[in-house]
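Hints are included, so try docking the two chains, each in its own frame, into the full complex.
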Amino acid sequence: MNYNRREFLKLAGTVAAGSLMAACTPTLTPKTLQDSGGEKVQLVYQDWRTDWFPEMAQRLLEKFHDTHPNVRVFYTPDPDNLEEEMLADMENETAPDVLQGCCDFFPIWAQKGYLLDLKPYIDADLSQDLIKEWDPAQYKALSTREGVQFGLPKYHGALAIFYNKDLFDQKKVDYPPSNWNHDDYLEIMKKLTQDEDNNGLPELWGSMMDISWERIQVHINAWGGHLVDPNDPTISWMARPEALAAMDWIRNRMWSDKVMASLLDVQNIETRQAFITQKIAMVEDGSWALKDILDGAKFRVGVIPFPAGPARRVTLATTDGFGIYAGTKHPEAAWELIKFLVGEEYALAMAEANFLQPARASLVDQWMRIIQDQFPKQTRDMDLSAFAEGHIQGYSVTAEIFANMAEARRLVKNAWDQIFTLGQDSVDLMKRVSQQVEAAQR
Amino acid sequence: MSLGIDWKNIRRKIILWSFIPTVLALAAVALITFVSYQGVYEDLVIERDRELTSLSAARLREEMTKFTQLLDELARSEDLLSNNRAAQQEVLTQAGRRLAVFDGGVILLNTFGRVIATQPYRPEIIDQDWSNRSYFTQMIGSEGIIFSDALNDGPQGTRVVVLAVPVKGLAGEYHGTLAGMFRIGSQTISSFYASIVRLRLGQSGSIYLVDSRGRVIYHSDFEMIGENFSTQEVVGRVILGNTGAFRSQDTSGEDIVAAYAPVPETPWGLVSEENWVALTRSSTRYGQTLVVLLILGMILPALGVSMLVRERQSEIIERERIEQELNVARTIQKTLLPRQIPQLPGWQISAYWQPANAVGGDFYDFICFPDGKFGLVVGDVTNKGIPAALVMASTRSVLRGVAEQLESPGRVLQRVNELIYPDMPRNMFVTCLYAILDPASGNLIYANAGHNLPYWRSRGGLEELKATGMPLGLMDDMVYEEMEIMMNPGDSLLLYSDGLVEAHNGQREMFGFPRLQHLIGSYSAGGPEMIDRLIRELANFSGPNHEQEDDVTLVAIERFYGDLPDQQTIGVPS
Numbered sequence: 005m006n007y008n009r010r011e012f013l014k015l016a017g018t019v020a021a022g023s024l025m026a027a028c029t030p031t032l033t034p035k036t037l038q039d040s041g042g043e044k045v046q047l048v049y050q051d052w053r054t055d056w057f058p059e060m061a062q063r064l065l066e067k068f069h070d071t072h073p074n075v076r077v078f079y080t081p082d083p084d085n086l087e088e089e090m091l092a093d094m095e096n097e098t099a100p101d102v103l104q105g106c107c108d109f110f111p112i113w114a115q116k117g118y119l120l121d122l123k124p125y126i127d128a129d130l131s132q133d134l135i136k137e138w139d140p141a142q143y144k145a146l147s148t149r150e151g152v153q154f155g156l157p158k159y160h161g162a163l164a165i166f167y168n169k170d171l172f173d174q175k176k177v178d179y180p181p182s183n184w185n186h187d188d189y190l191e192i193m194k195k196l197t198q199d200e201d202n203n204g205l206p207e208l209w210g211s212m213m214d215i216s217w218e219r220i221q222v223h224i225n226a227w228g229g230h231l232v233d234p235n236d237p238t239i240s241w242m243a244r245p246e247a248l249a250a251m252d253w254i255r256n257r258m259w260s261d262k263v264m265a266s267l268l269d270v271q272n273i274e275t276r277q278a279f280i281t282q283k284i285a286m287v288e289d290g291s292w293a294l295k296d297i298l299d300g301a302k303f304r305v306g307v308i309p310f311p312a313g314p315a316r317r318v319t320l321a322t323t324d325g326f327g328i329y330a331g332t333k334h335p336e337a338a339w340e341l342i343k344f345l346v347g348e349e350y351a352l353a354m355a356e357a358n359f360l361q362p363a364r365a366s367l368v369d370q371w372m373r374i375i376q377d378q379f380p381k382q383t384r385d386m387d388l389s390a391f392a393e394g395h396i397q398g399y400s401v402t403a404e405i406f407a408n409m410a411e412a413r414r415l416v417k418n419a420w421d422q423i424f425t426l427g428q429d430s431v432d433l434m435k436r437v438s439q440q441v442e443a444a445q446r
Numbered sequence: 026m027s028l029g030i031d032w033k034n035i036r037r038k039i040i041l042w043s044f045i046p047t048v049l050a051l052a053a054v055a056l057i058t059f060v061s062y063q064g065v066y067e068d069l070v071i072e073r074d075r076e077l078t079s080l081s082a083a084r085l086r087e088e089m090t091k092f093t094q095l096l097d098e099l100a101r102s103e104d105l106l107s108n109n110r111a112a113q114q115e116v117l118t119q120a121g122r123r124l125a126v127f128d129g130g131v132i133l134l135n136t137f138g139r140v141i142a143t144q145p146y147r148p149e150i151i152d153q154d155w156s157n158r159s160y161f162t163q164m165i166g167s168e169g170i171i172f173s174d175a176l177n178d179g180p181q182g183t184r185v186v187v188l189a190v191p192v193k194g195l196a197g198e199y200h201g202t203l204a205g206m207f208r209i210g211s212q213t214i215s216s217f218y219a220s221i222v223r224l225r226l227g228q229s230g231s232i233y234l235v236d237s238r239g240r241v242i243y244h245s246d247f248e249m250i251g252e253n254f255s256t257q258e259v260v261g262r263v264i265l266g267n268t269g270a271f272r273s274q275d276t277s278g279e280d281i282v283a284a285y286a287p288v289p290e291t292p293w294g295l296v297s298e299e300n301w302v303a304l305t306r307s308s309t310r311y312g313q314t315l316v317v318l319l320i321l322g323m324i325l326p327a328l329g330v331s332m333l334v335r336e337r338q339s340e341i342i343e344r345e346r347i348e349q350e351l352n353v354a355r356t357i358q359k360t361l362l363p364r365q366i367p368q369l370p371g372w373q374i375s376a377y378w379q380p381a382n383a384v385g386g387d388f389y390d391f392i393c394f395p396d397g398k399f400g401l402v403v404g405d406v407t408n409k410g411i412p413a414a415l416v417m418a419s420t421r422s423v424l425r426g427v428a429e430q431l432e433s434p435g436r437v438l439q440r441v442n443e444l445i446y447p448d449m450p451r452n453m454f455v456t457c458l459y460a461i462l463d464p465a466s467g468n469l470i471y472a473n474a475g476h477n478l479p480y481w482r483s484r485g486g487l488e489e490l491k492a493t494g495m496p497l498g499l500m501d502d503m504v505y506e507e508m509e510i511m512m513n514p515g516d517s518l519l520l521y522s523d524g525l526v527e528a529h530n531g532q533r534e535m536f537g538f539p540r541l542q543h544l545i546g547s548y549s550a551g552g553p554e555m556i557d558r559l560i561r562e563l564a565n566f567s568g569p570n571h572e573q574e575d576d577v578t579l580v581a582i583e584r585f586y587g588d589l590p591d592q593q594t595i596g597v598p599s
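If you read the protein sequences in the order shown, they are chains P and L. For the first sequence, my numbering gives the first residue as 5, with consecutive numbering after it. For the second sequence, my numbering gives the first residue as 26, with consecutive numbering after it.
Treat the hints loosely; a few may be bogus.
Said to hold, decoys possible - Each pair of labels, with its calculated beta carbon distance range:
{"no.": "1", "chain 1": "P", "residue 1": "Gln198", "chain 2": "L", "residue 2": "Ser156", "range": "58 to 66 Å"}
{"no.": "2", "chain 1": "P", "residue 1": "Glu200", "chain 2": "L", "residue 2": "Tyr199", "range": "55 to 63 Å"}
{"no.": "3", "chain 1": "L", "residue 1": "Pro145", "chain 2": "P", "residue 2": "Gln439", "range": "49 to 57 Å"}
{"no.": "4", "chain 1": "P", "residue 1": "Arg446", "chain 2": "L", "residue 2": "Asn109", "range": "52 to 60 Å"}
{"no.": "5", "chain 1": "P", "residue 1": "Ser182", "chain 2": "L", "residue 2": "Pro145", "range": "36 to 44 Å"}
{"no.": "6", "chain 1": "P", "residue 1": "Glu200", "chain 2": "L", "residue 2": "Gly194", "range": "49 to 57 Å"}
{"no.": "7", "chain 1": "P", "residue 1": "Asn235", "chain 2": "L", "residue 2": "Asp97", "range": "25 to 33 Å"}
{"no.": "8", "chain 1": "P", "residue 1": "Glu89", "chain 2": "L", "residue 2": "Arg272", "range": "37 to 45 Å"}
{"no.": "9", "chain 1": "L", "residue 1": "Asn109", "chain 2": "P", "residue 2": "Thr281", "range": "25 to 33 Å"}
{"no.": "10", "chain 1": "P", "residue 1": "Glu89", "chain 2": "L", "residue 2": "Arg110", "range": "29 to 37 Å"}
Hints listed in this document are in silico derivations from the structure and should not be mistaken for laboratory results. Every residue, glycine too, gets a C-beta built ideally from N, C-alpha and C.
Looking at chain L on its own, in the form it has when it is part of the complex (with noise of 0.2 Å):
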């Protein structure tokens, strides 16, 4: 039945639009992922850098003990604490190798600040007045291991750093300060610049050092060594001795991340500045990466529900097909049975056919001959559906054509056996049996080819109709035996195939032959009445939502005393 309604459109709509919120809260989530991840990993970006930094600092100024401990070392020396100068500049010169990683030379200040002994050699400066330096003066007060500013203190005035230790006896007396100097510069290829490099710090931008005065006495751009940065604010953070990172832009607009620590125990403060793009690479590749996946998890179930779609609707039409194909066999096999009933005077012929499925394999057929005889056939072929129903039509037209030809049922059935064996399917056979039937004198002669036996009901009761025979396309060469009745006036007939007394019910009883026997002792009437009650007792036995398990063909002979009724023919479809 069909109200105009377009199914499959409707369909379609409804997938398609389940999909929307799908894919919104799909994209949802991926947002929120992604947000919350980018805001996450920032905040670790930022920390690391700040650590990291930190962790440099401490690095640098641990590289920085190899050359307090050589001038520590130096210090020592006995000759230096004496206050003999010439043996002091001799303790300097003899030390001279190992001297120099000091590329601005080393010089040996007196208790006063004087300058009393230089490696290389600088008799300029000897004798002169120092006491006003910071390594100095910061010394009287620490006497620790000072660190200094850029200043003018090596050769030639160039521009140093001084890292300097005290000069002490054995009571811990001071003796004075022995400063080594390192050149910094763009141009200098110092020990102090290796020992920073050495150390691979900011990989993807710039790294540097300055001194309290914001002065950058090493940079990874070594063109930048020397310049004054004490305006930038990351610079001003670190000099007042703080720790910290934060995002930022660097004189050329770009996003950097600036990390700032101040190297221990030293005026020096540590900054990296990394570029954020290089640091946050992986947090956008990850972003690409969910927007990829987002796309995919929209697009793939888009994919494969349309794939599931199609495959259904694909499959519903091939079902429609096959059911409509059906619908044609089924429509050719009814024009395979008999279209009437033969009308007999004094015989009442009734008939009723269903298959289980839209075809079946069970099959009756009457064949009226030229001297008034009339031919009986039911036959059941194994198996259900197209191939029984095919097999069904080429054995009624074989036997058709062979009873026309023969007269004796016997013989009927060794010849169609002859011709149906050769082309018989495997595990495939027809039980069948065929009589012919004189109405005039009620003589019947049949022949049973593995047939469910008929019932005969006369005046000396119920009785099965049997005679030998394997079913046809079997075996070869086989012979039937042919059996002789005499139906008198009060007779019935009841030909019958298996889907009648193989039927089961809900709790896996069969109908069976005793039932049968006893249904039809018990009517009184044959023909048609008896077939329509047996249908209804099938019917009832096997229970409301019973499926029928196979084809069920009967066909009921009855003879009348007088006048005939109507010839029926039951359940057979229009």
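Chain P with its partners taken away, still in its complex shape (with noise of 0.2 Å):
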């Protein structure tokens, strides 16, 4: 913390003020749990329910316990329906203290005043310089179109292509270089397509991606084009010329060229298990994938930042980020919990347990340490710094979010296995689709 006592409550006096009179809504003032008067607080903090997650969670809050001896905290793994389970939770006030959330739930979360405004205790409480080293894309996608800041990031999933240096040098195929764009990609997958009875079905495909939400976005993207109007949450974008190309060009890797990997191509297994499993020479995953391939992986494993497309060149951050549920009776504790849990040795207790890129930038380099010790002969030559070049370089994207998420997703995921999956039908099929998404929000 850059501020004593006094400055604090300073900082916490004239942010509280400047937003009572911005805004003449109740505002909750910070306040230092020491002013609490040596409560005993009891908080529930709810996170992945992974199988390294509640160790690590554990082992960790008993950190947090020795610095805070007035609180403690109960962790508690998010339900299987987090995304319902949690509504009804919070409409019946017994929602965690202290939660994780991401994509397109979190915000409307936020939106329906479940999470708490952490904006006056960031004022208060944190320096320009740690706000500075998080990824402007994510922390602006933990906030409201009002500002609300519901969020603050828990870490920085980064979009890359895993690419298998063995089949690169089998097939004498030059590793990508970092300057490349889809023409490049292009060319290599279809180097590395192998159908050796030309029967349709190559038994080595260039590459795959997951077709989803964002992980389509993230080639529109880099088109020019958007989803979703990036001034109104309302209005499809989807079938603007942009977005129709981008997704033209994919389905032609699939149906046209056949050096993309289809979910069927590879019997439906996972992207990631296809890529272990060396079905695929390359494949479109984040750095969340990591620990899975390179515990996976029986080949040499390099990475290399997302192509450039024609417009510009973009990678996906993830939005996940730690909240405070707008009921809890201690904000001010629930706060101190956030801070630690944004902090250096949570960060890093995720990179150590799961491979988990850190959401400051700061600890980049510590978290490519921890890879690299535990994977010293993948690791070699492998450039993970590739995971935080959107995040240093400022060229990441965040999933794009229409009013009602719900809807437009139902009716894109129908339309893309048709387009993508199945084959069956061209990208004009968005038109209409664009068309009924929008309906869907009004």
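As structure tokens, this is what we get:
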């Protein structure tokens, strides 16, 4: 913390007064835990239920308890149906005090007023240097259009291309250069794809991507387009020429060139598994897949930043963050916990446990060393910084979100299954779907 | 008249003493209200706590459903029903992420209570006979969901509570028990505790959960977890399955409300101990408000009455002051009227003057000139009271001054009008009759500035003496007609103001000129007898409760044949 108590209180008062003058709405004024008179506080903190998370959380929370003896934090794993169950819990005022969220449901909780605005706390308690360490795209994605900062970044997942160096070597294909583009990408895919019996079902595919919202969006952004109007979450831009061109490029790789595998081409296994089992030579995946891939791959793995599109270079940043439930009885203690969760120790613990890329730029080097220490052979000559390039160079984007995202997802998924996975429709189908998506926003 | 009684003091004492019963009544009502409210409020607080704890216990049981459902779903897995231990272990391993909520792990017991699989893997207990565990033995009887007391069945013998579900085949046959464990202890950050904490119970005190032996398995003061509370009265009640609430004291002697309820379908009891002071804070505030209101209820009326009394006293003092001033004014005004009736040989002059208020606007005056002539003035200032009295005083002085300089009554009135017109207040004027009598000859020259016409009774009968002229002070540049009569012995003259003829009776009838003419005509005498009779007639006409509406002035002159009776002035206060 860069403020002494007097300065902190002064700042807190200024922030509170400013907020009141600006909006005339009740604003929580941050205060230190010392102000609460030593009251013993119990908090519930909900986060992932992965194999590795509970043990790590418990271990780290004990450290938090050492520095905050009056606060006891009980970790609980996310429920299976997180999005729906949390809404019910928030409605019933039984939601955890501190929780993680992401994607399109996290802003929905904020829009419904279930998440505390962290801005007064941030203004009073966090330095600008720290805030600058976060990817602006990611930080902004954790705020609403009205300016409520409902979350702080948990980690920075970034999309890149994993490639099988051994296969490249076997095929005598040069490794992709860091400044490559989609044309280069296509050429390399063509060189790597192998269909010895020429039956139209290659034994080895050049690359593969998940047919999902964010993954398609990244390509559309690279073509200069968008799925959603950046200024109006009820307007669809998915039928605009840039978007259609990007989707057409992907479809052609799958169904015209046959160099990019669809899910059916790899017998419905996950893209990551298809890469590990060497059914594909490259895969579009994120830093969150590092542990699985390094654990599973029996070959040398390379990483390269996402290829630039005709309009620009883009990569996806995840929007996982920590927030505070607005109904908490202990906002000050919850804020203390949030500060701990976005701190160096917790970030490095997540990096250690599952190679999660830290949200803070200053921790990227340590993160890379952790991975290299655990997988020295596979990561030799591996440019892990490719995952951080979007963050450092500022070309990350986050998932674009419609006002009625659930219906948009449903409509688009069905269309994309037809276009990409089954190849039964052209991208022109998106013109009709785009209208349907817009209709669903009204 | 004064009898030496201090009425002000008595009045003050009456007011003050009348407050005492009022204050006592108010205090009694406030006290009764507060005591009644306090009683009802305290009952409600205790009842509310009982209900709240009971509801919380039900909610806690509902929270546990999340965990039992997790186990239940797994217990239906086909592989778990097989006798293949490796497959059974694999089921638990594969479900490891979902089972992570059980921080004490999950174990699978077979039909006979042997441990056959665990998650995480605990090879040291595989194949152990755990058939003596309560969650196994109870399962045999009920085959439902079982919740245990605190046990040492966790990894490395750590203390846990166990949630167990039966593993059943498609036909409902029993295949074993799947038990999830939650670590308990002050250092544990179990999801089990998270499920309790997130209910946000016990806002102003402590809340804890005990097992059927009175062991604390959760406490809002986490240092208390693991303590044995079985000797506490409230715990004794809840482990018997009772629900209730009562006032008590905690170990530090603080007043509390202890509420307790068993957690449905578990051996656990939920106890909440809320601080009595915190719970009744709003009641205390109500009491304080009541006291403030009571004080205000006493002080404000007292202040109000005191101010009223002071105001009334001020009014009385002011009225007395005004009355005193009016008395002075009346005395002064009286000095402006002739003190004596002039003695004229062969003539009898009488006068009556009665203002409607303390002071009035009517006046009369007699002026004796050096040549033996005699000036006679009757005037009436519009309006009544002090303003009229002031105008009367100034008019009388001006007229007397002018009359000494000029002989002609018409010129006198003209000059007086010129002098007083500029300073006459708006809407005020003076009617005035001025006559000069030559007592030797009986010649009377008069002029009239809008005053009532005098009545001249002679051998020729009763006659009004007319002369034209506007009231004084009304308009500038006025001239006044002068008339002349000869009063012979036996003649009489009556000068009067409108207070006589314009007086009303109870039926709002006016005394009027015809009545006056008739009365004058019917009297044989003039002078004081006539005035006396007219006053009596006026009194009879107006009635006993009549309030004099206007000033009344009468001046009578009578010429005699022989010796004169005494001159009189009637009705002029001494």
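**Item:** Violations among the numbered hints, reported as their numbers in ascending order
**Value:** Violated: hint 7 alone.
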